[in-house]
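Following the hints, position chain B against chain A.
Number of protein chains: 2
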Amino acid sequence: MMASSSSYNSPCAACKFLRRKCLSGCIFAPYFPPQDPQKFINVHKIFGASNVGKLLNEVLPHQREDAVNSLAYEAEARVRDPVYGSVGVISFLQRQVDRLQKDLDSANADLIRYRRNTTPSSRLSSIQLPPYVYHNNVNNRPWNCHYPSNNSRGGGGDGGGSGGI
Amino acid sequence: MMASSSSYNSPCAACKFLRRKCLSGCIFAPYFPPQDPQKFINVHKIFGASNVGKLLNEVLPHQREDAVNSLAYEAEARVRDPVYGSVGVISFLQRQVDRLQKDLDSANADLIRYRRNTTPSSRLSSIQLPPYVYHNNVNNRPWNCHYPSNNSRGGGGDGGGSGGI
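In the order they appear, the protein sequences are chains A and B.
Reading the first sequence from the start, the letters are residues 270 to 434 in this note's numbering.
Reading the second sequence from the start, the letters are residues 270 to 434 in this note's numbering.
These are computed hints drawn from the structure, not numbers from a lab.
Worth double-checking, as some hints may not be accurate.
What the hints assert, rightly or not - Derived DSSO-like pairs: lysine-lysine, alpha-carbon spacing no greater than 27 angstroms straight-line:
1) Lys290(B) with Lys314(B)
2) Lys314(A) with Lys371(B)
3) Lys314(B) with Lys285(A)
4) Lys314(A) with Lys290(A)
5) Lys323(B) with Lys285(A)
Chain A on its own, in the form it takes in the complex:
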């Protein structure tokens, strides 16, 4: 946990940006130190100071630092990519998971083929197939993100962004 506003000689980055007095107990002060003004500028631009304050009051005190940092990550992603924001990162990672799973399935199929074709007298027969041959499943996903696809980037698209996670 970072120091409260009373530890600073200057107001926190939020109060400085909003041109208001940084009072003791300021909800922003522990998470928006004056040394990092851009962090607040980004979350203010994307979420609005009022919404960030409301969200901080809705979560438990020990969760607030994580909440602010995840908001700051999302805000920076949206500033960099106004169309897709952090959803662009999710889309990229999901495609990477799909590609890796496909490659792993191929590798596992080859390992099974090697093992089947190896004669019993071969010293290779002692090699056991590792557990990852069977336990990976591309359908084992706790979320369902269909957005955005490669094809939808740059126009039209199939949307579906409100799909649950």
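Just chain B, lined up with the frame of chain A:
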């Protein structure tokens, strides 16, 4: 592209929620139809109507539907998980990528071992190692997301959410 507000008998979901007249050319109408009020309620709660309107005006018209859908996805993720939002999905996917890459590296190492130990007279010598044995690289990431780790969930954490993507 969805129909404009003039095609509806009722105002768009945004104007209905904000209790204002839905004029022709309303920036929200094509993307927030009255049939889906929750989509606007979520983005309004998380981003604020004003910020969504500003963002829509900043991107090109053909990018607006994707922008709204990605905002709706992020907003729903934040409503479901106020602490981590869509960053929780990114964290989960990144761990899955790391696990799959590790499993693939192990499978590839075993394939190389099988091939090296196979005698030239074996019919297996004709099996070529597939290209995925060499071309995967866990460091091949266009973004850098250190947040949140498993260990940081539920308190404290190492932050770092403002890392670039």
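Going through the hints against the structure:
| no. | hint | result |
| --- | --- | --- |
| 1 | Lys290(B) with Lys314(B) | 20 angstroms, holds |
| 2 | Lys314(A) with Lys371(B) | 39 angstroms, violated |
| 3 | Lys314(B) with Lys285(A) | 25 angstroms, holds |
| 4 | Lys314(A) with Lys290(A) | 20 angstroms, holds |
| 5 | Lys323(B) with Lys285(A) | 23 angstroms, holds |
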